[in-house]
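Enquirer: Sequence:
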Amino acid sequence: MLLEGSCHCGAVRFSVESPHPYPYQRCYCSICRKTAGGGGYAINLSGLAETLQVEGAKHQGIYHAVIDGQKSSGERHFCKQCASALWVFDPGWPELVHPFASAIDTELPVPPERVHLLLDSKAAWVEVETKQGDQCFAGYPEESIAEWHQRRGLETP
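Using the UniProt record's numbering, you'd call the opening residue of the sequence shown number 1 and step up by one each time.
For the record, the hints were derived by calculation from the structure and aren't laboratory data.
Hints may be right or wrong, so weigh each one.
[Said to hold, decoys possible] As a list, the in silico DMTMM-like pairs of lysine to aspartate or glutamate whose alpha-carbon atoms are at most 25 angstroms apart:
1) Lys34 / Glu155
2) Lys80 / Glu50
3) Lys34 / Asp90
[To be verified] Label pairs and their computed distance ranges (CB to CB):
4) Gln81 / Gln132: 36 to 44 angstroms
5) Gly69 / Thr106: 16 to 24 angstroms
6) Leu154 / Gln70: 30 to 38 angstroms
These numbers were taken from a predicted model, which means no experiment stands behind them.
For each residue, glycine too, the CB sits at the ideal point set by N, CA and C.
All chains, full assembly: derive it from the sequences and hints.
Expert: What follows is the structure, encoded as structure tokens:
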């Protein structure tokens with residue numbers, strides 16, 4: 001599925017092919033919450049890095065979070081004009097890019113269930129709203145975004 005996205009001010013626009021477009025994973029880590037969250041979590045999708053096309057790259061900034069005193073290899077791309085979080089790229093997984101669902105303009109499919117992850121770093125004021133079938137994890141689940149989609153027959157061409 002072709003995902004098209006943009007920042008709030010429109011200075012950065014992008015597209016990426018995603019065989020795994022369901023926004024099912026809610027991340028409650030402090031990095032996502034503070035850089036891209038609303039409601040206390042952020043939702044990452046998965047796309048094929050080789051298909052990423054960007055317009056307005058001169059307006060794009062990159063933030064490397066510091067985790068346990070070490071600068072992360074993960075690149076959190078954002079708009080330098082309006083500060084919208086756009087996507088995460090990590091050279092440890094060079095074939096993938098993870099756009100934030102909040103930056104996607106394409107209508108996304110509604111997931112049949114959700115996964116709430118990194119609840120061990122959730123802010124105290126955040127209420128985790130689960131529905132029947134949702135799963136909750138203190139850390140990362142073992143199942144990848146691709147595996148979650150495959151197990152449910154939800155991959156898109």
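Enquirer: The structure should be examined with respect to each hint, and the outcome stated for every one.
Expert: Consistency of the hints with the structure:
1. For the given pair, Lys34 sits about 30 angstroms from Glu155 by alpha-carbon distance, which is inconsistent with the 25 angstroms threshold.
2. Among the hinted pairs, Lys80 with Glu50 is consistent with the structure: their alpha-carbon atoms are about 23 angstroms apart, no more than 25 angstroms.
3. Annotation: proposed proximity of Lys34 to Asp90 holds, straight-line Cα distance about 19 angstroms (limit 25 angstroms).
4. Checked against the hint of 36 to 44 angstroms, the pair Gln81 and Gln132 passes, with Cβ atoms roughly 41 angstroms apart.
5. Distance hint check: the CB atoms of Gly69 and Thr106 are about 38 angstroms apart, inconsistent with the given range 16 to 24 angstroms.
6. Checked against the given bound of 30 to 38 angstroms, the beta carbons of Leu154 and Gln70, roughly 35 angstroms apart, stay inside it.
Hint check: violations occur at hints 1 and 5; the rest are consistent with the structure.
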